[in-house]
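Chains A and B, in that order, are what the protein sequence lines are.
As numbered in our numbering, residues 25 to 536 make up the first sequence, in order.
As numbered in our numbering, residues 25 to 536 make up the second sequence, in order.
Possibly wrong hints are sitting among the right ones.
Identical chains share a label here; the pair holds if one copy fits it or two copies do between them.
DSS-like cross-link-like pairs, simulated, lysine-lysine; straight-line CA separation at most 27 angstroms [as the list claims (entries may be wrong)]: (1) Lys-130 to Lys-479; (2) Lys-287 to Lys-260; (3) Lys-237 to Lys-39; (4) Lys-39 to Lys-234; (5) Lys-479 to Lys-137; (6) Lys-279 to Lys-433; (7) Lys-373 to Lys-237; (8) Lys-137 to Lys-505; (9) Lys-211 to Lys-39; (10) Lys-383 to Lys-459; (11) Lys-33 to Lys-526; (12) Lys-260 to Lys-28; (13) Lys-279 to Lys-216; (14) Lys-479 to Lys-27; (15) Lys-380 to Lys-433; (16) Lys-449 to Lys-523; (17) Lys-523 to Lys-234; (18) Lys-523 to Lys-446; (19) Lys-426 to Lys-383.
Hints listed in this document are in silico derivations from the structure and should not be mistaken for laboratory results.
Chain by chain, the residues:
There are 2 protein chains.
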Amino acid sequence: ESKKIMGTKPDGQLKYTVADTHHTHASYKDGNYDGRYAWINDKINSRLARIRLDYFVCDEITELPNVQGFHGIFPDKRDPVDPAINYTTRVFCGSEFQVPVPNTGKESLDPTKYRSMFTCVDAETMEVRWQVMIDGNCDLTATSYDGKLTATNQYNTESGVTYPEMMSAERDACLFFNVARIEQAVKDGKFKTYGDSKVPVVDGTRESNKDPKTALTCTVSVPKNPHGVNATPDGKYFICAGKLSPTATVIDLSKVLDWFDGKLESPDKAIAAEVEIGLGPLHTAFDGRGNAYTTLFLDSQVVKWNVDAAIKFAAGDNAQKYVVDRLDVQYQPGHINASQSETAAADGKWLCVGCKFSKDRYLPVGPLHPENEQLIDISGEKMVLVADHPVRPEPHDFIIFKRELLNPKQVYSMDDFPHAVKELKDSGVFREGKKVTVKLASQAPAFALPEFRLKVGDEVTLILTNIDKVEDLTHGFAIPKYNVNFIVNPQETASVTFKADKPGVFWCYCTH
Amino acid sequence: ESKKIMGTKPDGQLKYTVADTHHTHASYKDGNYDGRYAWINDKINSRLARIRLDYFVCDEITELPNVQGFHGIFPDKRDPVDPAINYTTRVFCGSEFQVPVPNTGKESLDPTKYRSMFTCVDAETMEVRWQVMIDGNCDLTATSYDGKLTATNQYNTESGVTYPEMMSAERDACLFFNVARIEQAVKDGKFKTYGDSKVPVVDGTRESNKDPKTALTCTVSVPKNPHGVNATPDGKYFICAGKLSPTATVIDLSKVLDWFDGKLESPDKAIAAEVEIGLGPLHTAFDGRGNAYTTLFLDSQVVKWNVDAAIKFAAGDNAQKYVVDRLDVQYQPGHINASQSETAAADGKWLCVGCKFSKDRYLPVGPLHPENEQLIDISGEKMVLVADHPVRPEPHDFIIFKRELLNPKQVYSMDDFPHAVKELKDSGVFREGKKVTVKLASQAPAFALPEFRLKVGDEVTLILTNIDKVEDLTHGFAIPKYNVNFIVNPQETASVTFKADKPGVFWCYCTH
């Protein structure tokens, strides 16, 4: 079962044994988490994995076509058109590395012709719905609360392939996607496909999207190499942090929609504020009381700043002190999140920050140091550091939400497994020539069969059902030397297929 | 490099991708940890892994021949003969599952003829030195401070293959091995070999070891299905916990040596005490002040008891209150250890206990519950629970020792790697027909080559050296779609070999 989800090569070996996961986000309903799914990206292999939050297991992995370096990810929060769909039905995925499309080795190696794709995956079927081909790259992703807009910050509008090239422009961009228009274009057949992929790809390049009335995308400029784009809980703004600029850029979403409606002269008029907050700003969290918390990588700080005050300051009110507080963190913070920060129900209680260097905070354990996640109390005016926690490098993105939004199951439903061995007496060895099925029920502390015998050369499928109904009574099953080890939770059924190629006596045992 | 350590099949695939690690112990000098190595068992595949504690990496894995279910493990603390060798040179490994020896599928399936092996691995070369064939099984392992004795508790002296059979005898055993005599027997050629293995196997069965003067092994009986054997820090006793008996058995090592010298009438006369401590006793830790701390699985408690008082009580002094304290833990504790507990320098400060059920202690996260490690302050008369920590199931064995006994390195030595790419300018692509070597040095934030080109069909070895010397400046290297991802710590060199079978442009990037 695991191999099927993980994907195999023609010879049955796993297609990939490495991954590089960065961002996880969960499904929404009415602007808050609904506890159905979470998703996480694999940057190396451009895969999107879904986790069922009822059983806390990965149930689907989708490999995105035409892309490399799938990085940012965000579920939509409602449908842009149908008001009845007030929950997540799409997951948006940004690709960081521009490549030839298709990428068969026969294309031009002129990097200015490389493209990246912004991909929409169906939240239920996990099939790729559509892609938008763009110039420049995609870094992080955010979605609006009204379902109409999604955006990616772009640090490489230059389409460079080296650091100096990527850093040459003074301003890069936050690129907005008009979801309804894109889906209409797909419906209208205004798409191409590339290589082996059948996924419809629409044209989101700047050259083709200059007319607001028909544009699928809208480019708002932000200073040099922005890192991170986050939606404020009130649904009004996206905030891009500057990374190589000490600024945060506040973009007014209603004005971006105005631009698409032909009512705004230029996309940059949607910038409500662009204010200095500190050196190396990366990611931003929110407390639901109008404040933003941005990590400052170079300053090794979290800066708390008030969004409305920043907008007033940017409008010329120099008396506005938009920076509320600064807190030193240990050290070089990257990802940050607050309790319920990514929802309309941001509660302003806790902030967690992932620091990329721990230096002297932990005992030495060799060349690879632990990194440091810190918990901060943000319930008051001043931030208060509460606890450190060592983590394996490096601390990527995370979300924090209330326990009552989750209702995980403790026991599986036996009927979900068509091959379940429902009773101890159904256990046995069933042979059809060389194909042998070993059916096994287990009830603590023993398996139903004290032993089973096979012949060398048999192709064996072993099906194990845990018939215990008691919460947390998980069973394990291992066969020495046969590279077999798995668990079955209460009322769960799992199976494994192997070739009986090693003669002898083998003690199958419970590893749990 | 990793594949070589992990072991491969003839087709180059990893031989095993699963493992089941239970017990870790570290190397000794003068009865205390010396910070050189730690070892850990893999029960499924009967492998012993060594971890270098200077770099905190696994550098050797040895698969033990003739055994299944390698469970208990303990390094010796000094040589039994040579007083100059006051440090670990052997690691003893017990096998839990009795099997035919050899196990080729042609042997009798009469379980009373199955045997298990007690294995000695060389701590430096990681080669198997010798094995002792025994009747009954091996569970946990302990070693004496004088280097002369090692022992395993046996819960299946019945050689049963089902639970009722294994539980039929009222007493099982603690089986002692006379290390010097075994090695003399090997030197004298009194051994056999089995199957493909060239490892010398001596005869440690009860039938062949009745004469104390020549015996290699000594069987001390302990009540029904003991679980765990631990050496007291004063070097005097091994303690076996009863599991299915509510007792702890204290065995006097000097008397076991007396038996081997023909000075003790029967091995059971070495039992200094056998006292009731509670229901389901499993493992024992020590505070260096004469007290033992034993987990009680069924009572969900840790019981603190005084070893000398227990011996006096067993000798008839009914006034002795050997139980000092009991503490409820949450819930069903198994492994336990105290700071420096397994050394002569046990300091009696902290106790940690691995509980196999957490029940209501943590938020629900699906059918597989977290389990619970609890930290207990044992500096006073009463034990005080200090903290809970959730862990992935299940919490196996661990040791706790002082930071000053470890001196891990923060930066590698470039000269340790013969293929190091020592300077940025040494980077390049070197081709010999289809064999291509890509030499690459990296210095944050970039790799020395902005790009390298290969031809489809090339057999590529990529060698990457991190030339940064700054502590914690670890680099990563990944190739999308090529299943390549690894790290190089400062001044470290690593390599990967792959076939260039997918044409196109691929962005190699740092995953760290």
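Status of each hint after checking the structure:
1. Lys-130 to Lys-479: Classified as between; 12 angstroms across copies, 51 angstroms inside a copy.
2. Lys-287 to Lys-260: Within. Shortest intra-copy distance 18 angstroms satisfies the 27 angstroms Cα cut-off; inter-copy 89 angstroms does not.
3. Lys-237 to Lys-39: The answer is neither: 44 angstroms in one copy and 60 angstroms across copies each exceed 27 angstroms.
4. Lys-39 to Lys-234: Neither, since 42 angstroms and 57 angstroms both go past 27 angstroms.
5. Lys-479 to Lys-137: between (59 angstroms within a copy, 22 angstroms between copies)
6. Lys-279 to Lys-433: neither (44 angstroms within a copy, 55 angstroms between copies)
7. Lys-373 to Lys-237: So Lys-373 and Lys-237 fail the 27 angstroms test inside a copy (42 angstroms) and across (73 angstroms) alike.
8. Lys-137 to Lys-505: between (52 angstroms within a copy, 21 angstroms between copies)
9. Lys-211 to Lys-39: Neither, since 34 angstroms and 50 angstroms both go past 27 angstroms.
10. Lys-383 to Lys-459: neither (57 angstroms within a copy, 41 angstroms between copies)
11. Lys-33 to Lys-526: Classified as both: same-chain Cα gap 24 angstroms, cross-chain 14 angstroms, threshold 27 angstroms.
12. Lys-260 to Lys-28: neither (42 angstroms within a copy, 55 angstroms between copies)
13. Lys-279 to Lys-216: Neither: 30 angstroms inside a copy, 86 angstroms across copies.
14. Lys-479 to Lys-27: within (25 angstroms within a copy, 31 angstroms between copies)
15. Lys-380 to Lys-433: Classified as between: cross-chain Cα gap 20 angstroms, same-chain 35 angstroms, threshold 27 angstroms.
16. Lys-449 to Lys-523: within (25 angstroms within a copy, 50 angstroms between copies)
17. Lys-523 to Lys-234: Close neither inside one copy (61 angstroms) nor across copies (44 angstroms); limit 27 angstroms.
18. Lys-523 to Lys-446: Within one copy only: 25 angstroms inside a chain, 47 angstroms across chains, cut-off 27 angstroms.
19. Lys-426 to Lys-383: between (32 angstroms within a copy, 20 angstroms between copies)
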